[in-house]
Amino acid sequence: MPSLKDLKNRISSVKNTRKITKAMQMVAAAKLRRAQEAAEDARPYAERFNAVMAGLAASVGQSDTAPKLLAGTGSDQVQLLVVMTAERGLCGGFNANIAKLARQKVLGLQAAGKTVKILTVGKKGRDVLKREFKDLFVGHVDLTEVKRVGYVDAQGIAKDILARFDAGEFDVATIFYSKFQNVVTQIPTAQQIIPAEFDAEGAEATSGVVDYEPSEEAILADLLPRGVATQIFAGLLENGASEQGARMSAMDNATRNAGEMIDKLTIEYNRSRQAVITNELIEIISGAEAL
Amino acid sequence: MADTMQFDLVSPERSLASLQARAVQIPGSEGDMTAMPLHAPTLTTLRPGILKVEAPEGTTEYLVTGGFAQITAEGLSVLAERAIPMDEMTRAHLDELIEEARAMYKTAKDDESAHGLVEDAAKLLADMEALGTHMSL
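One line per chain: the protein sequences are F and X, in this order. Quick note, this note's numbering runs 1030 ahead of the 1-based positions in the first sequence. Quick note, this note's numbering runs 7 ahead of the 1-based positions in the second sequence.
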């Protein structure tokens, strides 16, 4: 049976925890709004870009001269997995879910006899995957210093990936990130970025009468590397919103748990306080009776 | 004949402009061109330069650093890698861009494997510097 003092200390410590989780939840809520706005602002660009690319890809993609970024290297032996996670923890299953999806993919590919390489963005994913797949790591991108993810960051990552692709280090690249559905639901997603895949639905039917300056092929060759950056940027933004959403709901749960714990401890505290008083009374009364 | 057309300028981070424009001057990679309503559908890549938008409300200018422009029957959309409104532009900004282009030129020159890249980077650098004189900063 813990003493009264112990209980009191316990209660005040849980109260402090609650204050912290509550503050974190509110910070996450504010950040979430900003992250969502950023994701929203980036959407028009990505949509238009994809529509144009889909149109171009449909008209050029079949020819033999199609760029490698679109047509692939003709093999899928070496796979690069770009795993994008958060830099911080305390956001529920967010990081774990992405890492789990990536892990399944790695094991699946290895079982199929493919060579797997891993590039991580974000500290948390690296920590988890490094334990199991230390030998497969080819690089890590650190965004700890970045307060707000910008297109420049995505471009940096894309440049790194493209340089590796040009050097023939891999055939297929897939990015892993979490799609933001709402505050409680984030869906870990794998998306292939090299060779590029486009929704056929977005393709524009009018591609036949458009003037291209310079040629279609040249535009495509110019745009494909940008497409990689755009997709990575979209992934990073989705991830940002997901992370804050996940943290918000995780901290909300933690705050509620702390509240319940405080209630329980308070009841226990009051009970044992009364027990102590009762005990003292019994002692006094039985002492008086004995006289 | 339609007098204005829909003009959209979007960068990866945000949408900068969406308005009705009379004419838009585009710094295309093969030369400047001006798009007016009912222009033939065209897709062109951009070189670093100044995008001039003439709208009934007045003329605005943006500095763009590459990307592409798509002219369709409905209007014109410009997707720029980076777009900065001219009145927010400062010497420091430009210096930064020139510095970036110079660094890119240097890495391209050191790495002799890709020939086209060196020329591209050199052109980019020249474009950036020309831009500075053009803006008389």
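Keep in mind the hints are simulated off the structure, nothing from the lab. This structure is a prediction, so every number in the text was calculated from the model and none was measured. We put the beta carbon where it would ideally sit given N, CA and C, even for glycine. The reader is advised that the hints may include incorrect statements.
[What the hints assert, rightly or not] With a straight-line cut-off of 25 Å between C-alpha atoms, the simulated BS3-like cross-links for lysine-lysine are: (1) F:K1160 to F:K1147; (2) F:K1061 to F:K1038; (3) F:K1189 to X:K113; (4) X:K130 to F:K1189; (5) F:K1098 to F:K1153; (6) F:K1209 to F:K1061.
[To be verified] Computed spacing ranges between beta-carbons, pair by pair: (7) F:G1180 to X:A47: 49 to 57 Å; (8) X:R21 to F:Q1107: 54 to 62 Å; (9) X:R29 to F:R1064: 47 to 55 Å; (10) X:T97 to F:S1245: 48 to 56 Å; (11) F:S1245 to X:E103: 28 to 36 Å; (12) X:L45 to F:T1103: 13 to 21 Å; (13) F:S1245 to X:L45: 20 to 28 Å; (14) F:G1169 to X:A47: 44 to 52 Å.
[Said to hold, decoys possible] Examples of chain F residues lying across from chain X (beta carbon under 10 Å, computed): (15) L1137; (16) A1141; (17) G1198.
Okay, the hints, checked on the actual structure:
no. : hint                          : in the structure
1   : F:K1160 to F:K1147            : 12 Å, holds
2   : F:K1061 to F:K1038            : 35 Å, violated
3   : F:K1189 to X:K113             : 16 Å, holds
4   : X:K130 to F:K1189             : 20 Å, holds
5   : F:K1098 to F:K1153            : 31 Å, violated
6   : F:K1209 to F:K1061            : 17 Å, holds
7   : F:G1180 to X:A47: 49 to 57 Å  : 36 Å, violated
8   : X:R21 to F:Q1107: 54 to 62 Å  : 40 Å, violated
9   : X:R29 to F:R1064: 47 to 55 Å  : 36 Å, violated
10  : X:T97 to F:S1245: 48 to 56 Å  : 37 Å, violated
11  : F:S1245 to X:E103: 28 to 36 Å : 32 Å, holds
12  : X:L45 to F:T1103: 13 to 21 Å  : 43 Å, violated
13  : F:S1245 to X:L45: 20 to 28 Å  : 24 Å, holds
14  : F:G1169 to X:A47: 44 to 52 Å  : 45 Å, holds
15  : L1137                         : 34 Å, violated
16  : A1141                         : 36 Å, violated
17  : G1198                         : 12 Å, violated
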